[in-house]
Structure formats: C-alpha cells, structure tokens
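Counting from 1, position 21 in the sequence shown corresponds to residue 21 in the numbering used here; the numbering is continuous, with no gaps.
If you are wondering where the hints come from, they were derived from the structure by calculation, not from laboratory data.
Incorrect hints may have been included.
Calculated pairs, DSS-like style, for lysine-lysine (alpha carbon to alpha carbon, straight line, at most 30 Å) [claimed, not checked]:
1) Lys-123 / Lys-34
2) Lys-2 / Lys-94
3) Lys-34 / Lys-106
4) Lys-92 / Lys-34
5) Lys-67 / Lys-10
6) Lys-2 / Lys-92
7) Lys-34 / Lys-94
8) Lys-2 / Lys-106
9) Lys-94 / Lys-106
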Amino acid sequence: MKTYLPHYFKRIGILLVLAAMILSITGGIDDIRKGFVEGWTNGSNQSQGLYGESVIEAPSIEPYLSKEESEMYVNISLFFSITGFILYLFSKEKINDEFMQHLRLKSMLQAFIVSWIIYGTAKVFSSIIPMDGIYILQMQLIVYVILFRRNKNNELDLETEV
Numbered sequence: 001m002k003t004y005l006p007h008y009f010k011r012i013g014i015l016l017v018l019a020a021m022i023l024s025i026t027g028g029i030d031d032i033r034k035g036f037v038e039g040w041t042n043g044s045n046q047s048q049g050l051y052g053e054s055v056i057e058a059p060s061i062e063p064y065l066s067k068e069e070s071e072m073y074v075n076i077s078l079f080f081s082i083t084g085f086i087l088y089l090f091s092k093e094k095i096n097d098e099f100m101q102h103l104r105l106k107s108m109l110q111a112f113i114v115s116w117i118i119y120g121t122a123k124v125f126s127s128i129i130p131m132d133g134i135y136i137l138q139m140q141l142i143v144y145v146i147l148f149r150r151n152k153n154n155e156l157d158l159e160t161e162v
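Required output: the full structure, derived from the provided sequences and hints.
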C-alpha cells in the first residue's frame with residue numbers, strides 16, 4: 001500500500017527547508033564575519049604589498065554567539081532541513097500514477113549513487129570536510145529532490161514532443 005501525505009505538505013516542507021537555511025546562516029554568522037574580515041585584510045595586504053610595505057592588522061572580532069549557541073542553531077537547522085525534505089518527498093504529486101512511481105524509484109537510485117560519488121570524491125581530495133551520517137543523509141535528500149525534478153521535467157518534455 002502506497003500512502004503519501006497530501007500535496008500541500010510539499011509547501012510545508014519547502015518552508016521548513018527555508019527556515020533551516022535561515023537558522024544555519026544565523027548559527028554560522030561568526031564564521032561568516034571572521035572569513036569576511038580575514039579575506040578583506042589579506043586582500044588589502046596583497047594590494048598594499050604591490051605599492052609598499054604597508055600591512056593591515058586584522059581587527060579582533062567579538063563573537064555574537066557562544067560555541068554552544070552556534071551548535072544549537074546548526075543542529076536545529078539540520079533537523080528542520082531533514083524534516084522539510086522528508087515532508088516534501090513523501091507528499092503526493094498532483095497526478096500520482098505508475099509513471100511517477102517509476103520516476104521516484106529511478107531518482108532514488110540515482111541520488112544514492114551520485115551522493116556516494118560526491119562523498120567519496122570529497123573524502124579523497126579533502127579531509128577537512130566533516131561528513132557525519134546526518135550530512136550524508138541531507139546530501140542524499142537534496143540530490144534526490146534535484147534529480148526527481150530534472151527527471152520529471154525531461155520525461156514530460158519528451159512526452160509533449162511525441
């Protein structure tokens with residue numbers, strides 16, 4: 001028995017993912033500020049080095065959030081993101097038939113393969129990127145949504161041409 005959530009859960013899922021993005025940006029605001037200031041001072045030092053020996057010191061940045069608060073925002077954003085994607089994935093399409101079931105299965109297999117290729121490539125070339133199980137799951141959900149939409153549009157375009 002294939003039971004799916006009503007179609008309006010797609011919109012609820014999208015809203016949860018948008019809320020997760022906002023929370024993730026909020027949780028990483030100190031890292032964003034630090035990266036901006038470091039890039040600004042390094043760029044200024046390099047451009048000043050062309051014209052003389054002027055070195056700009058990076059100002060000290062007082063963090064907005066403590067480490068615990070930042071991690072809390074990131075964890076809540078992960079929860080909202082995964083919940084939003086799951087609501088989006090398990091909701092009905094406007095027209096739900098065997099063709100859509102086939103596209104779901106095809107996209108799921110492709111997402112599984114593509115996400116593990118991305119994970120393997122990231123592990124080989126960079127050991128800095130943290131890839132816990134929750135991040136792999138989130139990556140698979142994101143890749144699934146992208147591939148399902150692409151497969152659906154491609155198949156529907158092929159049907160209209162015939």
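Against the structure, the hints come out as follows:
Our distance criterion of 30 Å between C-alpha atoms is met by Lys-123 and Lys-34, whose separation comes to about 26 Å. For the suggested pair Lys-2 and Lys-94, the alpha carbons sit about 15 Å apart, so the restraint of at most 30 Å is met. Taking the CA atoms of Lys-34 and Lys-106, the gap is near 42 Å; set against the 30 Å cutoff, the hint is violated. In summary, the hint linking Lys-92 to Lys-34 is not supported, as the alpha carbons are separated by about 43 Å, beyond the 30 Å threshold.
Under the criterion of a C-alpha separation no larger than 30 Å, the hint pairing Lys-67 with Lys-10 is inconsistent with the structure, at around 33 Å. Among the hinted pairs, Lys-2 with Lys-92 is consistent with the structure: their alpha-carbon atoms are about 10 Å apart, no more than 30 Å. At most 30 Å may separate the alpha-carbon atoms for a hinted pair to count; Lys-34 and Lys-94 exceed this at roughly 45 Å. With a C-alpha separation of about 17 Å, the suggested pairing of Lys-2 with Lys-106 holds against the 30 Å cut-off.
Annotation: proposed proximity of Lys-94 to Lys-106 holds, straight-line Cα distance about 19 Å (limit 30 Å).
Violated hints, in rising order: 3, 4, 5, 7; the structure is consistent with all others.
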